[in-house]
Amino acid sequence: MGLLWQICLPKSLRLVGRLTWQLQKITTNTKARGFRTFSYVCSEPQYFKNKSGRPVRISSFGSHDNLQGKRNASSVRSELRLEPAEVQAEHFHARDIYKVAVTAVEPRQMIENVLQYDEKLSTLTIKDKSYKLDHNVYVVGFGKAVMGMARAVEQILGDHIVSGILSVPRGQTESLQQKGRGDLLLQPETKIRIYEGGQKNLPDEVAHQAALDIQELVSNKKDTDLIIALISGGGSPLLPSPRPPISLEDLIILTKELTSHGAPMRDINVIRKHIEVLKGGGLGMAARPAQVASLILSDIIGDPLNLIASAPTVYDQVPARQCMEVINRMHLSEKIPQSIIDHLQKQVTEETAKVAYRKPAATFTLGTGYESQTGEQSWVQNVLVGSNTQACQAAVHRAKELGYLPFILTTELEGEARDIGKMLGKLGVFMLMCFDRKLSRHATIPTLRLELDLVQEGISKIQINEIVNLVDNAYNMGKGVVIISGGETVVNVKGKGKGGRNQELALAASLKLCELLKLTTPRPVADITLLSADTDGEDGSCPAAGAVINENFAVEAAANGFLCEKHLDDNDSYTLMSSVKKGSHLVVTGKTGTNVMDIQILIVRCPTSPLK
Numbered sequence: 001m002g003l004l005w006q007i008c009l010p011k012s013l014r015l016v017g018r019l020t021w022q023l024q025k026i027t028t029n030t031k032a033r034g035f036r037t038f039s040y041v042c043s044e045p046q047y048f049k050n051k052s053g054r055p056v057r058i059s060s061f062g063s064h065d066n067l068q069g070k071r072n073a074s075s076v077r078s079e080l081r082l083e084p085a086e087v088q089a090e091h092f093h094a095r096d097i098y099k100v101a102v103t104a105v106e107p108r109q110m111i112e113n114v115l116q117y118d119e120k121l122s123t124l125t126i127k128d129k130s131y132k133l134d135h136n137v138y139v140v141g142f143g144k145a146v147m148g149m150a151r152a153v154e155q156i157l158g159d160h161i162v163s164g165i166l167s168v169p170r171g172q173t174e175s176l177q178q179k180g181r182g183d184l185l186l187q188p189e190t191k192i193r194i195y196e197g198g199q200k201n202l203p204d205e206v207a208h209q210a211a212l213d214i215q216e217l218v219s220n221k222k223d224t225d226l227i228i229a230l231i232s233g234g235g236s237p238l239l240p241s242p243r244p245p246i247s248l249e250d251l252i253i254l255t256k257e258l259t260s261h262g263a264p265m266r267d268i269n270v271i272r273k274h275i276e277v278l279k280g281g282g283l284g285m286a287a288r289p290a291q292v293a294s295l296i297l298s299d300i301i302g303d304p305l306n307l308i309a310s311a312p313t314v315y316d317q318v319p320a321r322q323c324m325e326v327i328n329r330m331h332l333s334e335k336i337p338q339s340i341i342d343h344l345q346k347q348v349t350e351e352t353a354k355v356a357y358r359k360p361a362a363t364f365t366l367g368t369g370y371e372s373q374t375g376e377q378s379w380v381q382n383v384l385v386g387s388n389t390q391a392c393q394a395a396v397h398r399a400k401e402l403g404y405l406p407f408i409l410t411t412e413l414e415g416e417a418r419d420i421g422k423m424l425g426k427l428g429v430f431m432l433m434c435f436d437r438k439l440s441r442h443a444t445i446p447t448l449r450l451e452l453d454l455v456q457e458g459i460s461k462i463q464i465n466e467i468v469n470l471v472d473n474a475y476n477m478g479k480g481v482v483i484i485s486g487g488e489t490v491v492n493v494k495g496k497g498k499g500g501r502n503q504e505l506a507l508a509a510s511l512k513l514c515e516l517l518k519l520t521t522p523r524p525v526a527d528i529t530l531l532s533a534d535t536d537g538e539d540g541s542c543p544a545a546g547a548v549i550n551e552n553f554a555v556e557a558a559a560n561g562f563l564c565e566k567h568l569d570d571n572d573s574y575t576l577m578s579s580v581k582k583g584s585h586l587v588v589t590g591k592t593g594t595n596v597m598d599i600q601i602l603i604v605r606c607p608t609s610p611l612k
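Position 180 of the sequence shown, counting from 1, maps to 180 under full-length UniProt numbering, and the rest follow consecutively.
Keep in mind the hints are simulated off the structure, nothing from the lab. This structure is a prediction, so every number in the text was calculated from the model and none was measured. Heads up, some of the hints might be wrong.
[Unchecked claim] Simulated crosslink set (EDC-like; lysine to aspartate or glutamate; CA at most 16 Å straight-line):
hint	residue 1	residue 2
1	K400	D96
2	K132	D223
3	K498	E565
4	K129	D118
5	K494	D570
Just need the whole structure built from these sequences, with the hints factored in.
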């Protein structure tokens, strides 16, 4: 049962009735914002040691040897109380869970899962399609994860690879070497050339040259040749191919303007497909008649193959008028280079032009509201090899191992970073209040109001009920709860500071936690911990993947002379995070060699005393 049906407040009956009616109305009229929900509750017996050292068995329902019912569950909780020296365990647990999530989507395992090579028959099978190999394989790739993907392909196919080209972020080779990740680097005897460019997720001359050389490599091949295209997040700026007279500098300006104004990656990629040669199926067309097997690691919500890295091997074209609608909606028509505007406006007048090589399919509407014409390229096979969902599921497994009850809120989290941070802050306090309800045996009007806010902000009533039940189970078992989410937020940059979406999300969450808990001094025991980080190791233009905070962060920052609100307003989260406690709140990984968007890990531990 939900929280609403478990409270009794005679003195506030009128207010409870009004809030209940509002919540029912909102639940009826509001759909969760694209959330896909999975819940995992640890039901196997758990063993702890009591003060005498004797093992105590606790089931998922709170019953255990020698002890029965809620009263005894509280006794077990007192035995499991954390001492001050252990308070920050959740801080390290959040980092550990994040690390495991990122490791789960590293390239080697993903490639090995889809490539099956029969050495005796010299046949490569990818999903349900087979290819005859005879020293006829060419490898191309672009993105933050393709180096490790290419290493796995090399190890599987060996001498069948004739040559190849990779376009990867600048500094990736050195970063992986420094981290001791030689397993993600190409073999010493490799036949694949590497171009390192696209610094700060922007196209540059090196990436442009890589795109030209990739186009040349795949062209003029025979129908017996196989081109393996490795595609991952960050692939768009690493394969820039502007249509004349659009210049590379024009592409750079376009990217800067769209990202700084908070445009979702799908909007940016939709425009790129119209103004670049190799996007929107262009690479697949250039490779014809050779066979193309495209192995794709998703970095976009919902894993749409027609948007990842601007779809170089998936023919898909959104009407140019909708590209112009994006630009006009963001009031950027005066800031984007005229060559791009002219090209799109020309396309608007030629919407009926058909591409000769494809058979048109029916028009459909993407989940983002875009109309699109898509068609099969029979010589191209597109295979999704990894996604944010896999990372979140690995996080669930690790959270269980650490003794938490985990729950995946969504793998499609999106919106303004600071708004999402505030929402997660509210969720953390709501869960803490649910624990407090078990300790103090009563609910509060603030708890009910938080529930109402969370439903208004997109968390469904069903999810709220599941989280409340999870907290109840966690209380009875003396455990904490971990809420896991994945996706990609945006930042509408208005200040001049240095930061990234994950650090901004964490900073906004810390302020909301401080506000809701009415903190003026740090709490002796931190009960709420939030980590938000990018799986590629780069948050915006910062040398950090993200940040981890608890409810004391804003108070501690203020005590050291830092005003969190000021840094948030100036989009200066990195400066703040790197200054407080010598940067210990930053999550620094270096380039990870993979990219499946962001991960958020919210840990609420089982408190030892009622809230004051």
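Consistency of the hints with the structure:
{"no.": "1", "hint": "K400 x D96", "in the structure": "12 Å, holds"}
{"no.": "2", "hint": "K132 x D223", "in the structure": "11 Å, holds"}
{"no.": "3", "hint": "K498 x E565", "in the structure": "15 Å, holds"}
{"no.": "4", "hint": "K129 x D118", "in the structure": "13 Å, holds"}
{"no.": "5", "hint": "K494 x D570", "in the structure": "7 Å, holds"}
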